[in-house]
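Line by line, the protein sequences are chains A and B.
Counting in my numbering, the first sequence runs from 284 upward without gaps.
Counting in my numbering, the second sequence runs from 107 upward without gaps.
Keep in mind that the hints were calculated from the coordinates and are not lab data.
Don't be surprised by glycine CBs; every beta carbon is placed ideally from N, CA and C.
Possibly wrong hints are sitting among the right ones.
[Claimed, not checked] Here are the in silico distance ranges between beta carbons for each label pair:
| # | chain 1 | residue 1 | chain 2 | residue 2 | range |
| --- | --- | --- | --- | --- | --- |
| 1 | A | 378 | B | 554 | 25 to 33 Å |
| 2 | B | 375 | A | 327 | 47 to 55 Å |
| 3 | A | 474 | B | 181 | 32 to 40 Å |
| 4 | B | 195 | A | 402 | 57 to 65 Å |
| 5 | B | 543 | A | 378 | 28 to 36 Å |
| 6 | B | 507 | A | 474 | 19 to 27 Å |
| 7 | B | 452 | A | 303 | 52 to 60 Å |
[To be verified] Only some residues are given here: those of chain B computed to face chain A with a beta carbon under 7 Å:
| # | residue |
| --- | --- |
| 8 | 267 |
| 9 | 351 |
| 10 | 386 |
| 11 | 387 |
| 12 | 422 |
| 13 | 426 |
| 14 | 427 |
| 15 | 429 |
| 16 | 528 |
| 17 | 534 |
| 18 | 535 |
| 19 | 541 |
| 20 | 548 |
| 21 | 552 |
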Amino acid sequence: MKRPYLICAASAVARRELRHSFYGLGLYTVLTVCFLISFYIARSYADSMLQGGVAISKCPLEYPAYLTTTILALYLALCASISVSRERDQGTLEVLFCGPMNHGSYLMARFSEQIVLFCIALCCVTVYFTVMSLVSGLELGLRFWSTIAGSVLLASYTSAFGLLVSVLSKNPRTATAVFLLVNLILIGIRTAASVLSGTSNEVLSASVIYLKLATVVADRALRWVSPFSYCTWLTDAVELGDVRIVAIIVAAAVIYTALLLSLATKALQRRGVRTGQ
Amino acid sequence: MTALAPVTAPSRTSVLCFLVGSMLLMSCALHYAAASSVPEMEDQFVYGLTVWDGLTYTSGLSPQPIDEIHIIADSDNILAPYDTRAYFWPITGEYVADWSSKQILVEGVLEVILDGRVVETIALETYTLRYPEGFNSLNVEVLTGDRALAAHEEYRQAVSDFNEAADLYRQALAEYNSTIAEMFRQMREEGKTFSKEEIPTPPTEPEPPSYYVQSVRKAFVVNLPGGQYTIRVRQDDRIVPGSTKKLYVFDPRRSGLSFVVRPEDSYTVALRSDSEEHTLYLAKDIPLYIQLFDVEEYSSYHYTRLMNSANPTAGLGMQNEYVWVISSPQRPDLRIRVYRGNRIVSEIDEKPYQVVQTQSSALGYTIVEWDPTATEMMGPKPTFSAFRLHVPPGEYRLQAVFSSGEPISGGGRALRGVRKIGHFWWTALVPLFLGLGVYTVRRYSIGTLQSAATRLPEDS
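Same shape as in the complex, but just chain B (with noise of 0.2 Å):
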């Protein structure tokens, strides 16, 4: 009866305790729980790196707590002393920086040490990243001091001159629509009627720059020869805190031709064949595409710290392993030569394609060759360019060669027809068979000696 008893005053405090209780401890508990996704912010030098990756800049970030910086060699890559603040950030398990709380460049002249002894010194360089295809475009190149200048000097000029062709574009349509209103009005109201001549034609719509220039920044450019370096800001004469790091500038292993290979019934997953090690199998009488790109073998462990220099268990445990990197855009000026031994079977170009989707709800395209007079029908580009290869399962060699027919290096790949082999499971069984015979035979010829020599006394 105690639980159904009223509550009296001494247990109406310790209830009341008990609650006040609980709640601090929420708000604590809630109060830790939201402090916990603020991450803690440090002020710190941090490089700001915009990397060659082999194909195109990659932009990345070194900061203080990991002490080694990754780099192609004889490449140009940007370092750009920063002071900022940064911070870890568990999700991705890696620094940020907070650059617009704070973005401070510090100047000074970059100390270049090989085996101990300053090598390099490298100043502050005003330097822009030119986008000739555009900004999506993974063609990039770096330009320095006063063709950076330049450059973006032109730029800005030409979407300066951009953006005033686009205004008179504007008023133009304007006027013309107006125009055009006011005759269709005359032609229901007025009854009247226009000669084709009378008829304005409409201002043709200018078209933005084709290129891309970022805006002109100071950082070092850094372009040294394979080896590990030690690298430092100095002010005068002192070395900024925290901007000593090691830098591993390393080569590629061994470069080589990339085969994507696109089957027709699954050309969204695309294979890759990147050295001339790799064989390709073909299992169906079904249509290939093949597209092909120049590779470059790397370090995996370098590279991966390249392409994730903020990620501190970026590459560990990679050391003993290589990566293949495509390093241009597909090779337009190549031919693919099919070999059935040592004859020359066919010899193919490239062609565009573009996969046209079924007509009916289900799922399903199909790929024809894309034809640029029937743009309307198939789009103004192709899907894709690729090399058509067609052939019953059997043994090939493939052969990527120069326009002149001269072979490329590392451009060569088997291919071959896999069959199934599951009802030859027997073969494997042959050693014991072998062995059982040969157990019987020895048992059996010791057997006959034994009982030979036994009889022997006897006969005698």
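If we strip away everything but chain A, and leave its shape as in the complex, we get (with noise of 0.2 Å):
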């Protein structure tokens, strides 16, 4: 097939998805609840800053920024894993690899569609949380902005993933289970080490101190692999302006998400277009 077609084909179907979602209320209704939260949890700043006078504060809206782009990116991969599971389910699949469609085009189509959709609703939160900081004082700072630009390679690789997932499974169900699973085993990690080791071992039993050292191996091992756990290796990275290491952890990012979309697309090539193909 001519590369011209199948560019031409990959861009209608992304525009056809973004404009679906542009329509729908899911968007909206998720960035809604991530503000409400965020905004909750800034003004429970604001208010103990101003119950106590004076307080010191790193990037007291790193935090807010981290949770809302983490709900988004997930909200994003979950629907595009849902819909490409349900396209196969339902036959539209079939009826679109009929025209200038070959299965790399078609995941590039609806991975670019995911990472356009997560970058306009990036530049909302950016817009939101710069109004936030204005109205009540709290900086942004350096960890924000690194939060932000790296969100977007968390995005990346979500998307990726639950494009395999997708491909992988056999219904929209199994694929939402599966993606579901393994996103929350990966933030349950990276949570519990940040709680834990937050926690002097003095208030600790000797249980859940080796319970916290588990973790904390857990996650050390996982930052090489757990998008949630290298977006916040690259925050501190730019923190220290160590280079070196940000350079590392963005091309990390990006082989593993090439690596995802390339076997994605085995995968749909080995499993056909058709369920039970």
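Hey, can you piece these two chains together into the complex? The hints should help.
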């Protein structure tokens, strides 16, 4: 198939999906939920500072931004995963592949649509946080900006992973379950390591200390694989001005995404576009 | 009625047996309860540690069951090899040495191994710790060899001189007191008067040495660059059992300047800002007292193990964390410049301050600038020295500078005002309203198209 036709068809698929996302209520609802959570956290920070009179904080809006971008990335990837799985299930893919479309261009179209949508949502997030910073006086800071920039890597990884899961799964339900399970385990390890490592050993029992050690070791090992861990690592590296680590993490994230996308393409080629094929 | 019946002979025997049995059980329980509070001692090789913690020297112990020692790179650290009795004390969760029952220095040399190769051999050396500003000061220096012996001899001489001077002083004071008493007696009984010149002057009390030097001991003085080594004590052709350990020598990740901020209304509760990423938020119009210290950032794991070398669980799970450690006494040689935008608003010098309690029985205090000429009223020493910053809430930038005006690295901080945002909650709902608008318009346009499509055939 000629490349211009493929690009044209892929672009049409991406635009169709983008339009579909814009005209639906899902993205707006998720953004609202994220903003409400972020607002609540920021208000708590501001109120506690006002109560104390004086406070010292390192980028108070970093955590709400991390939470918002993570929820957004997971939501978009989950949507893509379900819709690919459903299209395959309902036979839409089979119809689509009658035209100038191949496996790679279809998945690239879905992936590009995800990233464009995420970047648009990210612009809204940035505007919202900037307004919140101006109103409250809470500083955005370097860590906030690196979290925002790093979230594109997170979104690309989760989208690619979502696509892989969707082409490997038999139906949308399995795709959702597998996608959520894997990501919740990764988030769980990151959160547990973050919470436990901030707790002093003096207040922990011996068994919890060893649990803490296990989660920290797991988090350290997953730092190269889990996007939730390496995005935090990226933020730390930006703060330290460690250009080498930043470059390595960005390169690793791009390689992972490319790898997952090529695996998804191979899987789609093998499994075919029809259910039960 | 059986219960009220008199106790017969067989039942008396069984009651007696029961009582004896119970007493035996109780005594056993008491015995074990008493035994459990006495720890089990074990003769073992240990390293007595006197390690540099970034600011001063900290003592510790590396017992046989803990196979790693952590020290800061490029600093003198004392590792004293001893044969002693050690035990685990569960209340504090750490190993303790019973130095008083056994403390035998193990002769030998310390071999430092890196990548399987002995890179340094350190012999036992005489050393001492010298506290130039007194024992309670954080300022400590390690002296080795002849310098240690000379410093200790000098200190011993100074103490001896002081003791002699104190004896003479006591004698002179007794003579002075008896002379004064005699003069009073003569004034009282004989009506004698004395001229000012005849009244003796009291003897001057001698000052004890202002510094302290610890007694001279022998140990290995270890000063290594960062890395992971193995150490062991060699006696002739054999390695002392239990002396092989991993030695982690760690560097700070970065260094900076810490701003210790004391708000006037809670000066005892200090807030710390150790890096430039920290922002100071000011919500009230109150003065702040700022103190500056040098800080270094270390791995939490290594630093916690350094500070708690005898605790087997110390630092576990802290491998990903870092901690800022104050590494100098308060910096007296700096000034703070306050910027608003690019304009310098003020430049502050460090001054001594005195906390004066309110006169009534109610709690309260005021912080006033210490006046060295009014020591009777304010006390001989100020409560603290600090930079007093009093600016209305707003956006500022603080920059610590040398007296020459040159900015110090890591000495910048943002100072911002913070405002209530509770009434802006509705901003979070904007995407939802936008989405509902888009959705409604879309539905409406689809509906219009559909109705147009349905009407078309009729019209045509």
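Check: Checked against the structure, which of the hints given earlier come out wrong?
Finding: 2, 6, 8, 9, 15 and 21
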